[in-house]
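Respectively, the protein sequence lines represent chains X and P.
Position one of the first sequence corresponds to residue 26 (this note's numbering), numbered consecutively onward.
Position one of the second sequence corresponds to residue 26 (this note's numbering), numbered consecutively onward.
Note that these hints are calculated values from the structure, not bench results.
On a predicted model such as this, the values are computed, not experimentally measured, just so you know.
Please note that a few of the clues may not be correct.
One copy or any two copies: either way a pair holds, since identical chains are not told apart in the list.
Quick list of in silico lysine to any residue cross-link-like pairs, SDA-like style, CA-CA up to 25 Å [stated by the list, open to error]:
id, residue 1, residue 2
1, K44, N59
2, K31, G54
3, K85, F55
4, K31, S70
Number of protein chains: 2
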Amino acid sequence: MKARIKITLKNGVLDPQGKAISHTLESLGFDGINDVRQGKYIEVSIAETDPEKADAEIKKMCEDLLANTVIENYSYELEEI
Amino acid sequence: MKARIKITLKNGVLDPQGKAISHTLESLGFDGINDVRQGKYIEVSIAETDPEKADAEIKKMCEDLLANTVIENYSYELEEI
Chain X
26 MKARIKITLK
36 NGVLDPQGKA
46 ISHTLESLGF
56 DGINDVRQGK
66 YIEVSIAETD
76 PEKADAEIKK
86 MCEDLLANTV
96 IENYSYELEE
106 I
Chain P
26 MKARIKITLK
36 NGVLDPQGKA
46 ISHTLESLGF
56 DGINDVRQGK
66 YIEVSIAETD
76 PEKADAEIKK
86 MCEDLLANTV
96 IENYSYELEE
106 I
C-alpha cells in the first residue's frame, strides 16, 4: 500500500521558511497573501496489504521518525497500489 | 482561500533524502518498505475569494517560484476558509 503523509508545523510554531516564501511571492508581485506555511510531504510504499496493519505501521513510522510530534502534526492517506 | 500544494520529484529523478529515510526506517526495524519519496508541502492562504482567479494565482505561484518544473511535479487543492 502507499501512504501519502503530510507533516506540518503546529500552530504557534514559528515558520521562517514559510515567511521567506511569503516575502518572495510578494516581491514577485503577488498580492493578498495572508499566510504561507511550509511542511513536508512523504510518500511511503510498503509491502503490507492489510489496511489495518498498514495503518498501524505508517502511524508508528510517523511517531518514531518522520514527524517531531513536539512541534509538528502529521496526517496521512492510505491507498492500495 | 487556502491552497494545499504538494510538490514531488518527477519519476526518474534521484531522491537521496527519500533513500535516507528508507534506510533509517529499515534500521529501526520496519520491514517491507518498497520505496520512499520526499517532497514539499506548502499551505498558502490568499485573500482572493473567486475560485477561478485563486486557481490561476496559485498555479502561477507554483510555476514561478514554488516548484522547479524541470524536475518537480506539483498538485494542489483549493478550499474556502
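Hints, one by one, checked against the model:
For a Cα distance limit of 25 Å, the shortest separation of K44 from N59 inside one copy, 11 Å, qualifies, whereas the shortest one across copies, 35 Å, does not. In the homo-oligomer, the alpha carbons of K31 and G54 lie at most 25 Å apart only across protomers (22 Å), although the nearest pairing inside one protomer, at 29 Å, exceeds that limit. Only between protomers do K85 and F55 lie at most 25 Å apart by alpha-carbon distance; the minimum there is 9 Å, versus 40 Å within a single protomer. Taking identical chains as interchangeable, the C-alpha atoms of K31 and S70 lie at most 25 Å apart whether they share a chain (15 Å) or sit on different chains (17 Å).
In summary, the structure agrees with every hint in the numbered list given earlier.
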